[in-house]
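**Q** Sequence:
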Amino acid sequence: MICATCACTATAAPAARRPRSAAGVWTLKQQRRQLAGTSGCGLCGVDALDQALPLLAPLQSVALPPEGHFHELRQRIASAQLMARDSGALHAALYVDGNGEIALCREDIGRHNALDKLIGALTLQRRKPSEGFVVVTSRCSLELIHKAVRAGIGTLVSLSAPTQLTVQWARQHHLNLIHLPHRSAPRVYSPAPALPDQNGCHP
441 MICATCACTA
451 TAAPAARRPR
461 SAAGVWTLKQ
471 QRRQLAGTSG
481 CGLCGVDALD
491 QALPLLAPLQ
501 SVALPPEGHF
511 HELRQRIASA
521 QLMARDSGAL
531 HAALYVDGNG
541 EIALCREDIG
551 RHNALDKLIG
561 ALTLQRRKPS
571 EGFVVVTSRC
581 SLELIHKAVR
591 AGIGTLVSLS
601 APTQLTVQWA
611 RQHHLNLIHL
621 PHRSAPRVYS
631 PAPALPDQNG
641 CHP
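Per this note's numbering, the sequence shown starts with residue 441, numbered consecutively.
Hints in this document: simulated from the structure, not taken from any laboratory. Any given hint could be a false lead.
Using 20 Å as the maximum straight-line C-alpha spacing, the simulated SDA-like pairs for lysine to any residue come out as follows [stated by the list, open to error]:
#: 1; residue 1: 568; residue 2: 540
#: 2; residue 1: 557; residue 2: 543
#: 3; residue 1: 557; residue 2: 578
#: 4; residue 1: 568; residue 2: 504
#: 5; residue 1: 568; residue 2: 537
#: 6; residue 1: 568; residue 2: 613
#: 7; residue 1: 557; residue 2: 527
#: 8; residue 1: 557; residue 2: 586
#: 9; residue 1: 557; residue 2: 511
#: 10; residue 1: 557; residue 2: 541
#: 11; residue 1: 568; residue 2: 579
#: 12; residue 1: 568; residue 2: 497
#: 13; residue 1: 568; residue 2: 502
#: 14; residue 1: 557; residue 2: 592
#: 15; residue 1: 557; residue 2: 502
#: 16; residue 1: 568; residue 2: 586
#: 17; residue 1: 568; residue 2: 614
#: 18; residue 1: 557; residue 2: 611
#: 19; residue 1: 557; residue 2: 519
#: 20; residue 1: 557; residue 2: 567
#: 21; residue 1: 557; residue 2: 522
Source: prediction; values computed, not measured.
Whole structure, please, built from the sequences with the hints as guidance.
**A** Have a look at this one:
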């Protein structure tokens with residue numbers, strides 16, 4: 441089933457039963473070990489989510505990046521991923537500066553580690569994350585939203601579409617969240633689109 445909180449896939453574990461024969465024991469050994477409860481991302485349930493990711497102070501809103509900074513960005517990201525070019529199995533987190541140039545790229549097999557490395561590099565180089573934007577090549581999970589807010593990243597760009605919950609958190613914390621599709625224009629998920637007034641006009 442699909443977890444309503446985080447859109448992950450959660451499956452209920454079957455009840456354990458005692459095999460009655462040697463053949464049954466062998467069959468049981470071939471099965472994947474499962475514990476009582478459910479399997480999922482570990483953030484399922486509102487109470488557990490609040491405990492795992494406490495609320496943070498909202499960011500100071502920043503302007504969305506200029507459209508020109510996204511020109512051939514996917515191709516430039518691929519060129520910057522030197523390690524992934526050889527292995528094909530690494531995530532990357534990149535910092536695009538105020539001029540639209542990729543200034544930093546950090547890679548790791550874990551998407552969280554890649555972003556942690558980038559945040560560390562930004563800190564060591566005394567760069568202000570809000571002066572540019574950060575790109576993650578991985579799935580945009582809720583934990584990455586949380587890390588971005590804590591690090592003061594004003595704009596997070598993901599190569600994959602975000603879930604409803606990540607959009608909710610991004611809007612709640614004034615984090616610009618943008619999806620960069622393969623072939624179409626960038627899609628802004630946060631901030632929320634302006635609602636039309638009574639005359640049907642956008643402000």
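**Q** All hints, please: hold or fail.
**A** Comparing the hints with the structure gives:
no.	hint	verdict
1	568 x 540	14 Å, holds
2	557 x 543	14 Å, holds
3	557 x 578	14 Å, holds
4	568 x 504	15 Å, holds
5	568 x 537	9 Å, holds
6	568 x 613	18 Å, holds
7	557 x 527	19 Å, holds
8	557 x 586	15 Å, holds
9	557 x 511	25 Å, violated
10	557 x 541	19 Å, holds
11	568 x 579	24 Å, violated
12	568 x 497	18 Å, holds
13	568 x 502	12 Å, holds
14	557 x 592	15 Å, holds
15	557 x 502	23 Å, violated
16	568 x 586	18 Å, holds
17	568 x 614	17 Å, holds
18	557 x 611	25 Å, violated
19	557 x 519	19 Å, holds
20	557 x 567	14 Å, holds
21	557 x 522	16 Å, holds
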